[in-house]
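K.L.:
Chains as they are written, first to last, in my numbering: chain S, 48 to 411; chain W, 48 to 411; chain L, 48 to 411.
Heads up, some of the hints might be wrong.
It does not matter which identical chain is used: a pair holds within one copy or between any two.
Claimed, not checked - Subject to a maximum C-alpha distance of 25 angstroms in a straight line, what follows is the list of computed SDA-like cross-link-like pairs (lysine to any residue):
1) Lys389 <-> Asp240
2) Lys59 <-> Ala81
3) Lys383 <-> Glu345
4) Lys383 <-> Arg154
Please keep in mind that the hints were generated in silico from the structure rather than gathered at the bench. Predicted model, so just to flag it, every value in this text is computed and none were measured.
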Amino acid sequence: MSYKALQINAPKPWPHNAWYQAAWMNEVSDTPLARTFLNEKVVLFRDKDGNAHALEDRCCHRATPLSLGDVVDSGIQCGYHGLIFDGDGKCVEIPGQDSIPPQAQVRSYPIVEQQEIIWIWMGDPAKADESQIIDFPFLDDHENHPHGHALMEIDCNYMLLVDNLMDLTHIPYIHKKTIGGGDQKGQVNAAMDVSKTDNGVHYIRWMENIMPPPTYAKGAGWGPEVKVDRWQEFEYVAPATVLQWTGALEHGRNAKENRNQDGGWNTHIWHTATPETETSCFYFWASTNSYKPADTEETKKLHEAISFTFHEDVSFLEQQQACLSADPDQVLVDIKHDVARKPARQALERMIRTDAEEMAVAAE
Amino acid sequence: MSYKALQINAPKPWPHNAWYQAAWMNEVSDTPLARTFLNEKVVLFRDKDGNAHALEDRCCHRATPLSLGDVVDSGIQCGYHGLIFDGDGKCVEIPGQDSIPPQAQVRSYPIVEQQEIIWIWMGDPAKADESQIIDFPFLDDHENHPHGHALMEIDCNYMLLVDNLMDLTHIPYIHKKTIGGGDQKGQVNAAMDVSKTDNGVHYIRWMENIMPPPTYAKGAGWGPEVKVDRWQEFEYVAPATVLQWTGALEHGRNAKENRNQDGGWNTHIWHTATPETETSCFYFWASTNSYKPADTEETKKLHEAISFTFHEDVSFLEQQQACLSADPDQVLVDIKHDVARKPARQALERMIRTDAEEMAVAAE
Amino acid sequence: MSYKALQINAPKPWPHNAWYQAAWMNEVSDTPLARTFLNEKVVLFRDKDGNAHALEDRCCHRATPLSLGDVVDSGIQCGYHGLIFDGDGKCVEIPGQDSIPPQAQVRSYPIVEQQEIIWIWMGDPAKADESQIIDFPFLDDHENHPHGHALMEIDCNYMLLVDNLMDLTHIPYIHKKTIGGGDQKGQVNAAMDVSKTDNGVHYIRWMENIMPPPTYAKGAGWGPEVKVDRWQEFEYVAPATVLQWTGALEHGRNAKENRNQDGGWNTHIWHTATPETETSCFYFWASTNSYKPADTEETKKLHEAISFTFHEDVSFLEQQQACLSADPDQVLVDIKHDVARKPARQALERMIRTDAEEMAVAAE
Chain S
48 MSYKALQINA
58 PKPWPHNAWY
68 QAAWMNEVSD
78 TPLARTFLNE
88 KVVLFRDKDG
98 NAHALEDRCC
108 HRATPLSLGD
118 VVDSGIQCGY
128 HGLIFDGDGK
138 CVEIPGQDSI
148 PPQAQVRSYP
158 IVEQQEIIWI
168 WMGDPAKADE
178 SQIIDFPFLD
188 DHENHPHGHA
198 LMEIDCNYML
208 LVDNLMDLTH
218 IPYIHKKTIG
228 GGDQKGQVNA
238 AMDVSKTDNG
248 VHYIRWMENI
258 MPPPTYAKGA
268 GWGPEVKVDR
278 WQEFEYVAPA
288 TVLQWTGALE
298 HGRNAKENRN
308 QDGGWNTHIW
318 HTATPETETS
328 CFYFWASTNS
338 YKPADTEETK
348 KLHEAISFTF
358 HEDVSFLEQQ
368 QACLSADPDQ
378 VLVDIKHDVA
388 RKPARQALER
398 MIRTDAEEMA
408 VAAE
Chain W
48 MSYKALQINA
58 PKPWPHNAWY
68 QAAWMNEVSD
78 TPLARTFLNE
88 KVVLFRDKDG
98 NAHALEDRCC
108 HRATPLSLGD
118 VVDSGIQCGY
128 HGLIFDGDGK
138 CVEIPGQDSI
148 PPQAQVRSYP
158 IVEQQEIIWI
168 WMGDPAKADE
178 SQIIDFPFLD
188 DHENHPHGHA
198 LMEIDCNYML
208 LVDNLMDLTH
218 IPYIHKKTIG
228 GGDQKGQVNA
238 AMDVSKTDNG
248 VHYIRWMENI
258 MPPPTYAKGA
268 GWGPEVKVDR
278 WQEFEYVAPA
288 TVLQWTGALE
298 HGRNAKENRN
308 QDGGWNTHIW
318 HTATPETETS
328 CFYFWASTNS
338 YKPADTEETK
348 KLHEAISFTF
358 HEDVSFLEQQ
368 QACLSADPDQ
378 VLVDIKHDVA
388 RKPARQALER
398 MIRTDAEEMA
408 VAAE
Chain L
48 MSYKALQINA
58 PKPWPHNAWY
68 QAAWMNEVSD
78 TPLARTFLNE
88 KVVLFRDKDG
98 NAHALEDRCC
108 HRATPLSLGD
118 VVDSGIQCGY
128 HGLIFDGDGK
138 CVEIPGQDSI
148 PPQAQVRSYP
158 IVEQQEIIWI
168 WMGDPAKADE
178 SQIIDFPFLD
188 DHENHPHGHA
198 LMEIDCNYML
208 LVDNLMDLTH
218 IPYIHKKTIG
228 GGDQKGQVNA
238 AMDVSKTDNG
248 VHYIRWMENI
258 MPPPTYAKGA
268 GWGPEVKVDR
278 WQEFEYVAPA
288 TVLQWTGALE
298 HGRNAKENRN
308 QDGGWNTHIW
318 HTATPETETS
328 CFYFWASTNS
338 YKPADTEETK
348 KLHEAISFTF
358 HEDVSFLEQQ
368 QACLSADPDQ
378 VLVDIKHDVA
388 RKPARQALER
398 MIRTDAEEMA
408 VAAE
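Just chain S, with the same shape it has in the complex (with noise of 0.2 angstroms):
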């Protein structure tokens, strides 16, 4: 497969044997919940128990989405005749039928709940390795990383976003009149440093002895005389996840032998876009409050400034989409910049390469 085809409208643009962030734990309840992954239709819901499930959203009998049905003790129930599934997908009550055929169930996805994350496998069950989950203890740490998360539906192909994450030169433009304002040169020009991982790409940008942004001096009570070393590091893991940390202490702190100290100002970021379809997907993300962890007011103020910033992004990846679906064959130039974002495409292109082997040998 080239890289060619993994542009966007290639047949498969995504792994289906790979986890995905369906939603957030606190969005699923007994109220069930209806989404589609991967152009697939899931209904997402929580049995009498506590427990989280994914079934299909259809019913096996004349295809209602069961999530206009209710969750009953015994599982999920159509809400047009009657049938009842439960968390595994099987149907246990056909009403006024003795008998339930073999063949009456619905798929069930396999379902993992942690660090307040509902991972969903969208490929074969049986592949369905936990381990392969990504740790980021930083949403289960309320005390010292307390955060908002948040949702955001966007009409872009899912790895637009991660681009975007890829390549930290938008800022001075897409957000000039916010976190990106000032000196762009000064902005594009700083050095990364990118390595390859086993499934995805890492770099790290430093700036030392800087002025810091705005934001992080009012965040962190500096005053205008201070000057930090500053970071900027992401990860992406493939398929659609980009861990980040960005921050600053005050120079002559060493930030860069150690940036585990207390003050200072910095941020966890957690990025993940799931597919929705080959040109929609879902965004959940969340930052941390990593500086003044007891500060709630501080908390929600730099969720509703990220959550701005982030807006900025969403207008140009929609219409960067609108472009490429209109012709979506026409090449692309690369540059410099594209340094992080070129292996992170290559490392997704390795995981639709093995998926597509491991679906052609299940499939023999």
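Given chain S, put chains W and L in place with the hints provided.
P.N.:
Okay, now just chains W and L, sitting in the frame of chain S:
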């Protein structure tokens, strides 16, 4: 043609050589009415003598909808350049032009007005046999069977509506807050007496010596001590009509031998679903007050109550269609309660097969 | 290529090697303007020196619309990662990158500004011959021919608008409540003097010694006793422009020999319909007050009256397009009054044929 081929997304999911309800008689006047049936744009209008006509809604000159024009003495006049077509679709005037070429015509559809209904024949006019039109005399008997009528435009294949009426076990689920309240299992388990007819299927359900539903008791004026023999009788007539007779008489009055007694509670309901496209239809219905025909307030209340109930079905039907459209080839699982629905589909299948053969012969 | 192949849904219903109106001059400024012509996304902008340019509206780097960016000193800058393109589409800056690869460019379209119009050439730039641009000097003569101009976006193929102007017998029908009121047959039967031109068709209709329309009489200040010689002159210039001169002089002033006399009533109207897609267009028009040029109030009133009339056409054109799109292959019937419309279509057909041959040669 297999049963599979009858599925929603098959190329021709309807017979052309058939009568369909185009409108209620009082909908059609000398103001042109545009409607699409079986994917064909039709204009309905009443000429100066009061006769209804149905023409292709597209001028043969420059393809402008005739429904944008006006009814004039000699027919309907295109609003763009003034061509006039008579009720047979023949062009009878081209402004400023002396002779009218024979090809200047639009398609005309056979029309029959009967029992408040305007019927349209969408196939070969030579085969339009009025004797095939369904007789439902209640709509003409305002003294004994007063009623209101309605039209609902639903975004689903017309047969999803017929399916709905062929399996009443949906009542305790979709309508659990209205007519299906109370004992779900009891309603589901009522015995069905199903028989095939020449062009459809007939079934009746009897519930003897039971408490009447609250709506029945209220309408009939029964006290809490009254028990009744209750019936639900349905007949599907291919391609698109369901005739319903539902009611109850006090237990002991031998309803099962003779339902045509004064008093009690009963309604005759007309249902027909004319295809607009493969995934949308016009649902025409009317329900008679056949138990207190002199009580006009009761007639109105009954109509409103039934209308409310039918609206509960709509979101199910439309979301069911969305599921089918998203994945039309996935196999469905029949259950016991499809006992009337399946022969109804088979009757339609026979009709479509015959229709396809007739059209093939006509094309030779 | 047959006449049939020219129908709306033919693969290429327009010539590429042709000038089209892209905008009115005063629409284009240093704020980028996004428009689609012939299915191609274009950004129009005026550089810091005031020169207008038209580029492909898609950055060669990541396919973001350039219209989301800003005009800067050296050209237009992409709002995503800051690449700058000059007016010829050449990338002149990639932030943070020393060398610019030659493939870093976007398509540039030849532009000419003339007589208030920005013309764009959508085909092979080497063939862009400015001498082919239509001369309509009235738009440059504000003293003798003051006027307003307008743009209407219509959901129809551009040729449906040309068709409309080539057959004025629509006036007593579509405009029966405005300019077409009164004697329908009289208006329909006015004699047409039609002649083919090298690249279109010309016609003139004379109505001699008649009562002027109320709008004319009011504008000219004529009392009820005045009779006039009235003319309607139209020229279609392929692919998309119609030049109109309509007016009247008092009977006895020998209008037929010399229409360029002071007084009376007359307007020159510019019409051009630039294709956006196969089923939508930009309709640019302007109408001069050539009878009372010093009366600015009259100029404004004339513009408003004509605008009202043109809006009457829009719903017909859009519904005509809907009918054609629903059934593009159905044969239409020509009538006597297509006497100018048919050669107009033939002129376009010749132009498209020539265009296809040129493109085939270019591709060899």
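K.L.:
All the hints need checking, so say for each whether the structure fits it.
P.N.:
Structure-based check of all given hints:
Taking identical chains as interchangeable, the C-alpha atoms of lysine 389 and aspartate 240 lie at most 25 angstroms apart only when both belong to the same chain, with a minimum of 14 angstroms there against 66 angstroms between chains. Taking the closest pair of Cα atoms, lysine 59 and alanine 81 come within 25 angstroms of each other only inside a single copy of the chain (22 angstroms); across copies the shortest separation is 32 angstroms, beyond that limit. Neither within a single protomer nor between protomers do lysine 383 and glutamate 345 lie at most 25 angstroms apart by alpha-carbon distance, with minima of 37 angstroms and 61 angstroms respectively. In the homo-oligomer, the alpha carbons of lysine 383 and arginine 154 lie at most 25 angstroms apart only across protomers (22 angstroms), although the nearest pairing inside one protomer, at 45 angstroms, exceeds that limit.
Of the numbered hints listed earlier, the single one contradicted by the structure is hint 3.
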